[in-house]
Amino acid sequence: MSAVESTIDVSGLGQPIRGPRALTDDWSRFWHLTYNIARNEFKLRFFGSVLGYLWQLMRPLLLFGVLYVFFVVVARVNGQKGPGDAHYGVQLLGSIVLFTFFAEATGSAVRSVVERENLVRKIEFPRLVIPLAVVLLAMFNLGLNLLVVLVFALAEGVTPMLSWLELPVLIGFLAILATGVAMLLSALFVQFRDIQPIWEVVSQILFYASPVIISIATVKSKISATWVHLYMLNPLATVLQQFRHAMVTHATPSAGALLGSWAQLLEPVALVAAIFAIGFWVFNRTAPDIAENL
Amino acid sequence: MSAGPAIVVDRVSKTFRIPEERTHTLKERALHPMRRSRNEVFTALDDISFQVDSGEFFGIVGRNGSGKSTLLKCLAGIYGVEAGRMWCNGRLSTFIELGVGFNPDLAAFDNVVTNGIMLGLSPREARARYRRIIEFAELEEFQDLKLKNYSSGMYVRLAFSVAIQVDADILLIDEVLAVGDASFQQKCFDVFNDMRTAGKTIVFVTHDMGAVNRFCHRAVLLERGRMVAIGEPAAVGQAYLELNFGREVHQHADGTLSRIGNGAARVQEAWIEDEAAGRWAVYSQGYPVVLKALVSFEREVTDPALKVTFRNAEHEIAAVASTATAGAAGTFQAGQQAMFSLRIENYLAPGRYFTDVDLVRTDNSLDLIDRYLDTLEFMVGGVSSLGGYVDLPYAASVERVESAETASAELR
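Quick mapping for you: the protein sequence lines, in order, are chains A and B. If you want this note's numbering, it's the 1-based position in the first sequence plus 626. If you want this note's numbering, it's the 1-based position in the second sequence plus 999.
Calculated directly from the structure, the hints in this document are not laboratory data. This structure is a prediction, so every number in the text was calculated from the model and none was measured. C-beta: ideal position from N, C-alpha, C; glycine also. Treat the hints loosely; a few may be bogus.
Straight line, CA to CA, 27 Å or less: simulated BS3-like cross-link-like pairs of lysine-lysine [said to hold, decoys possible]:
| hint | chain 1 | residue 1 | chain 2 | residue 2 |
| --- | --- | --- | --- | --- |
| 1 | B | K1186 | B | K1145 |
| 2 | B | K1186 | B | K1147 |
| 3 | B | K1145 | A | K669 |
| 4 | B | K1147 | A | K669 |
Stretch-level coverage of chain B by chain A, calculated; a stretch enters the list once three of its residues show a Cβ under 8 Å from a Cβ in chain A [claimed, not checked]:
| hint | region |
| --- | --- |
| 5 | 1103–1113 |
| 6 | 1260–1268 |
Derived coverage of chain B by chain A (criterion: at least 3 residues anywhere in the stretch with Cβ under 8 Å from a Cβ of chain A; other residues may be distant) [claimed, not checked]:
| hint | region |
| --- | --- |
| 7 | 1092–1099 |
| 8 | 1276–1288 |
| 9 | 1326–1337 |
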């Protein structure tokens, strides 16, 4: 018999066994797990079918084709072409690719934790790995898609600019936003299974509420400055507009300019930070019980 | 063997809340924000305390739903606990299921690396050990195949091979021993014995007492989330078998049932005991058991005998014994009582038995006086037999015999 005495000497007993958590003390395992899960998924898509990557690319390209034909060729939305609409095709494709990243990361994050049930219930690992791997996978895809955008941009005659260096910052900003939303959604989905259809609709709304198809510069003259400001608070709008400005043409105003001043860029930044914080808080709170609540 | 505790569990309790009415959607929650869902609380573990010494092979046994797997998951850090604390000393690895994180669409290499990382290896270590893993799993020819094209045996072999390559100090294992074909099983058992010798601490969850006896130094028995017994495997095994079958033994049927027999006498009570008059649910093979029956006579009966029929779990008759062999019992008058007793050398094959106790007349054994209302149940415990209904006591010998040819050749 070795029942433990009630007065227990804690020293020399080793590590306390804690329950499941979102995070970990072993960051190298955390990263390797995230990377490996994302890499395996990527590999599957890449080599899983004969056309592999082509299918992955088809979605943004098809969307681009449809939107381009419909809005530019048929409806002539950009009829009175301003200087800001130079290389409209590149602006459109780039925006679609960036938005696709956000939609893919958040959309597949929703079910991710529940779908990885076999892992969650069978082994101890930092739970945050799951939504992070989803975002990382989306980033792999984004990288490849951006290569296509680059080729297209050069073919269209976009001149390389120093401001292209802003791209990593823009992607990082977008990735933090996507991670925040991914954490929030995947944690909520454990308990509320209607998060998925809700998010599909919200995602669709966000697509039209962000300057994917129409540059904000085009409609700027038609609405009040307050509305422009409110519109630009949408972090997606900030990223997409700055992408157009920095990557395609300086003729379209920068996000900072549309918000009023550079300092006001802090508003969407603060918003993203808040979304990330809330997402993490919710996920962290849910993490210990995920295995039981699935 | 001991260098301080490897695992300490101190008054650990774990409850699951089972909502009576689970709100599955945000809509329901939004429409009825004030409705509090009532929870049923299920106590899976109740005040569990024990410690596992370093280098010990420790078993956790219990019936289905006894909480043994929950305890393992708490130790593994998959479930959090409500009360109590736990410590572990050293690197801990969990095998609740083999091949956690295996992706059927990928080949062996990617799966080995991912699974290895899951179990605590670094990617570099996992890659370096890949060759050894594949060799141990005997899958050299199949390593380029996707896992979905593996047979289940190959799959399990690969998973097990990864698992044993993990250098953990403490392994938590949940009934994954019996995997693969016979030769691979043998390999697994060798590995477990190696681990024992290497001084690794192993916590092993099972409902198979045989495995506990074979491997474990000590074991704990759980029942309904409580600790029932802890200690030597043999003692825990006895407690476990009694738990399994004990409650069904010596329960008397309702006396108002119509009885079989001519009614000239009644078997008032019948029971099985050991030579020291102890009544158990389990009797060890090789030690005599005594069957006793108290009979009261309603009418005059001449030369009654007690006939006992042992049926095995398949309800086949394994053995029959009768007091008739002791000779004529004489005549009993109405109102008299008699105690019948049969001492039986217990060579019954290990397993579960149902015993019919009949009072018969010796002149014609078909003439049934009374059948005891209750079927006595008991278990025979022992080392696994070679088969058959009984394990006869026998002496065996092998002697070399010169063949006729050689013998005749020498003669010439």
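Hints violated by the structure (numbers, ascending): Hints 6, 8 and 9 are the ones this structure does not satisfy, whereas the remaining hints hold.
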